[in-house]
Amino acid sequence: MRKVLLPTLIIIAASLLVIRIFYLQVIDDSFKLKSENNAIKIKYDYPERGYIYDRYGKLLVANQSSYDIMVIPRDIKEDLNVTEFCQLLNITKEDYYKRIEKAKVYSPRLPSVFLAQLNKSEFAAFQEKIRKYEGFYFQKRSLRDYEVDYGANIFGFITQVNEKLIARNPYYNSGDLIGKQGVEESYEEILRGIKGVKYIQKDKYNREIGSYKDGKYDTIAVQGEDITLTIDAELQKYGEELMINKRGGIVALEPKSGEILALVTAPSYDPGILVGRQRSKNYTLLYHDSIAKPLYDRGLLAEYPPGSPFKILTGLVALQEGVIDENFSVSCHHGFSYARGRFMRCHCSGGQLQLHRAIYQSCNSYFATSYMRTINKYTKPAAAVDVWSNHLKTFGLGEFMGYDLPTGKRGKIPTSKTYKRMYPNGGWRSTAIVSNAIGQGEVVMTPIQLANMMATVANQGYYYTPHIIKKIEGEKIDAKFTTKHTTSIDKKYFPPIISGLFDVYNMGTASRLRVEGIDICGKTGTAENYTKINGVRTKLKDHSIFVAFAPKDNPKIAIAIMIENGGFGATIAGPIASLMIEKYLKKKISRTDLETRVLNISLRSEYAKLGGMKEAEVIESTPKDSVLKAKIVTPKTPAPKTEPTKTAVDTTKKN
Amino acid sequence: MKNQSVKNNIDWISVIIYSALVILGWLNIYSSSLSSTEGTYEKQLIFIGCTIPLIFVVLFVDGKFYEKYASIIFIVSLLSLAGLFLFGKTIAGQRCWYAIGSFTLQPSEFAKAATSLALAKYLSDTQINLKETNRQLQALAIIFLPVMLILPQPDPGSALIYSVFILVLFREGLPSWYVWTGFITILLFVLTLVLETYAVILIAAGVLAIIYFKGRVVDRNLLLSTILLAIISGFVLSVDYVFDHVFKQHHRDRFNILLGKTVDMKGIGYNTNQSEIAIGSGGWLGKGFLQGTQTKGGFVPEQHTDYIYTTVGEEWGFAGSSIVIILFVCLFLRIIYLAERQKTKFSRVYGYCVASILFIHFFVNIAMVIGIFPTIGVPLPFFSYGGSGLWGFTILLFIFLKMDANKVNEW
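Residue numbers (the numbering used here), protein chains in the order written: chain E, 980 to 1634; chain P, 2 to 412.
For reference, chain E alone in the conformation it holds in the complex (with noise of 0.2 Å):
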């Protein structure tokens, strides 16, 4: 017994040492995280983003550096010249202890800012001489730097990732910065390119000793790749300037290819206000201006019923499924009765329509007619849906159109399901639904799906994905942007609706909009909308819808219009769609006093119903070196109404 106790003890003991490191190395693996924070610190070297360039190569969007002036306060030299010091860097001495001071409540011994953000002018005076201040030095800062001062929804911002992305993305680190909407979301891969990565060893002391494993896991920084977009860089500009004092949304397309020409939301911004130091002040603003939503990109995302225009698809459904041809005629008395107390009222001269006429003065009864000859086909009116839905999907409506930028809405069209989910027993006819015919009762759109529609009447039948990438540096394109999309309408029946479109502008309701020497196809289209306001359900302004494309023969350019609350379509959105397309196709404007009339419309009354943020409609602006701003003519403003100080001493409670 007396001889056992030594060796068991030392078989116990060492039992439990093992026990207790197996615990320790291979149960509980907390300590190697431990240890991971603790010895090795990850520095990250970061790419300068790729350019923005348009269509023609012109820079939208580039790179500045900026320097962040650091301090360790410990190695600050006691010899240090101080007023020197502060002359290079434009502060004060008092400024200068006080930063010192508050690095050193930080870490006397750890990195800090002393200074933020220096641009270059500012930096290279000091950057000669750093080297004599030991405990300063500097880190550089690549920001955004926007050319122009226009196509803010196009480009997007840069912002810092936030927490969730960071969970979900393990590529982003905290305090990164990531594209966040347009084209520096939807190519910030591209963009930003990959960060290097350096592992620095640490000591106990927080400094740094030397590379980890001898830069064994280090990376290289991949620069980001340039990018050139579809865009027409002034006829965005030009775009965003008729827009001045107007709320809604312009989608310009090259329909033989997609390519977006011109993508305008109004009101927009200044890119350059979400750079720098007033970046987070500026973006609170804008955010949370929820009634004119300068973030919101009307263009893409601005769904409503979209009226007249639709009447183009219904006559050609109408076509394709041989309910009328071209010769088919309507006769209308200013309305059309469709049923026993029914009556749909109809604008156009009256009589006898053709399909011709019909287009050209946006015939209501005529559509309607050939809305509900269609429905009528079928024994049922829930196939019959159907078929028309379906023939409406190949122009890509209802859906995500699968553009590449990050926003978008799939807008609406109906099938027998959402009629069959409104009507649970049954029982509706084409009449329930005739409505359709004239693009309101069930059927929205965007702008730019109705851009899309000009695109494919104008390609007689095809389309191409509208895209805002042209090219991208050593890279091809998404192939789904060269995949030709073919309509279920038979090519034939494109040109009878054309040449309606085009005598819209010659005797129909765009008539005074023609352009000498380009023969434009176009439709004018109002939406009705409503809001409430103190409650009430209050019916406002119609927006304004104007679809074209032009030229006739060869379109070059196909274009969708909406302006809130801007009344008939020929009165504001036409105008601006003629001028649209007259900059394109001419680069210049001949009709300078329509251009002057257009600038000078201004719907803010009209906005100033809804109410909005006073403060935000400051840097909600419009492009601001702009020649045509001039031409604006401001009503001279009252001067502000002063308050009249209370002098009145309210005494009621006194006594």
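Among the hints, erroneous ones may be present.
[Unchecked claim] Pulled a few chain P residues facing chain E out of the computed Cβ check, cut under 8 Å:
| # | residue |
| --- | --- |
| 1 | 171 |
| 2 | 172 |
| 3 | 190 |
| 4 | 277 |
| 5 | 280 |
| 6 | 323 |
| 7 | 324 |
| 8 | 326 |
| 9 | 334 |
| 10 | 341 |
| 11 | 364 |
| 12 | 367 |
| 13 | 371 |
[Stated by the list, open to error] Computed footprint of chain E on chain P, listed as stretches where at least three residues anywhere in the stretch have a Cβ under 8 Å from a Cβ of chain E:
| # | stretch |
| --- | --- |
| 14 | 114-122 |
| 15 | 148-162 |
| 16 | 395-406 |
It is worth saying that the hints were derived from the structure and are not from the lab. Note that CB positions come from ideal geometry on N, CA and C, so glycine has one too.
Model the placement of chain P on the given structure of chain E, informed by the hints.
What follows is chain P alone, placed relative to chain E:
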């Protein structure tokens, strides 16, 4: 007649394990001191080099020398400890070193071997019977003499080591209640720190009551049981008192950290926390030689001395840590095995002393590093940096190996 040369009779198994431990120790010192500029691993290499002539001297001294001169060696050793009070050099508040040029020598490292020799010499006398209280006290006196000289240096770690001699005495016939008393004392001490004082007394009373009523009626001794309870209560209360009033704050902190009462990872808990992180981050196979991030960063204090095992844990992982433990255990068991086959009581007791001393160092050191024992400065034999320690343990071990090799010459 067998070949009498040391070369043929020395226990090569022990020598090989010893060499393996020394080499592994140096590799880890090399890794942990690579970033420092104090020349630590070069010095240790010199220390290791010096052990070779030392071993030759130890092995070629006449086999009877150690037994004959045990008392003189012991007295010289005691004098060297006492001399510290006059000529000692104070490093980090401890007066444990003699300074010879740039080198320092720690006599307490050699005193272990001297005490072992003295104890073996005393017990090998055939007249000695450890059942006699007188003899017990004399034996304990041999152990306590160096302890009294080491404690005030102050070096509680080295002093603690001497408690292990109880195990040697037990092997040689010390009544078992000594061991039980020691065991119960430690248990009560820990319980008192963890639980409330009165709870420990209640538990003790309960246990005594169970023993009292379960025992045979004839064995029941109410007086003895009451006295025992009184002693236990007194002990528990005094532990409480000593802990609160006699212990210095840093002693209390060490216990509190261990018992999880205080969590202060930046202050007093730093050592243990950092060493646990270093070892814990090793995983199954470790980060590889010279790849320990904690080791390189110098996060673990005293890493080349008392905390050298953290480098093993971090760079060699569970595999390496276990191998080191297995090597030590093999060495201990081998020494015990060799001790038991000795022909003379002197060499048997000495062998037991060697195994016990090495074992207590091994256990206290590693247990401290992995956070199951309070922070007490005890080196890991053959591993920790330091000439005195390495030479002390080498002499301790090789005197025994010499005795073992010499046993064929015994009559």
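Restraint satisfaction for residue 190(P) [CB to CB of chain E, less than 8 Å]: violated (18 Å)
Chain E covers the stretch 395-406 of chain P, three or more CB atoms within 8 Å, holds or violated: Coverage by chain E is violated for the stretch 395-406 of chain P (0 residues, Cβ < 8 Å).
Restraint check, 8 Å cut-off on beta carbons, for residue 334(P) near chain E: Holds - the Cβ of residue 334(P) comes within 8 Å of chain E, reaching about 6 Å at its closest.
Cut-off 8 Å, beta-carbon criterion: hint that residue 172(P) touches chain E: holds (5 Å)
Given hint residue 323(P) near chain E, where the shortest CB pair must fall under 8 Å: Holds, because the Cβ-Cβ distance from residue 323(P) to chain E comes to roughly 6 Å (cut-off 8 Å).
Agreement of hint residue 364(P) with chain E interface, Cβ distance less than 8 Å: Constraint on residue 364(P) satisfied, holds at 5 Å.
Agreement of hint residue 371(P) with chain E interface, Cβ distance less than 8 Å: Status holds, d = 5 Å.
Three-residue Cβ test at 8 Å for the coverage of the stretch 114-122 of chain P by chain E: violated (count 0)
Hint validity - residue 326(P) Cβ closer than 8 Å to any chain E Cβ: holds (5 Å)
Interface hint compliance - residue 367(P) to chain E, C-beta minimum distance less than 8 Å: holds (5 Å)
Given hint residue 341(P) near chain E, where the shortest CB pair must fall under 8 Å: Hint holds; residue 341(P) Cβ to chain E Cβ min 7 Å, cut 8 Å.
Supplied contact hint for residue 277(P), tested at 8 Å Cβ to chain E: holds (6 Å)
Consistency with the previously given hints fails for numbers 3, 7, 14, 15, 16, ordered from lowest to highest.
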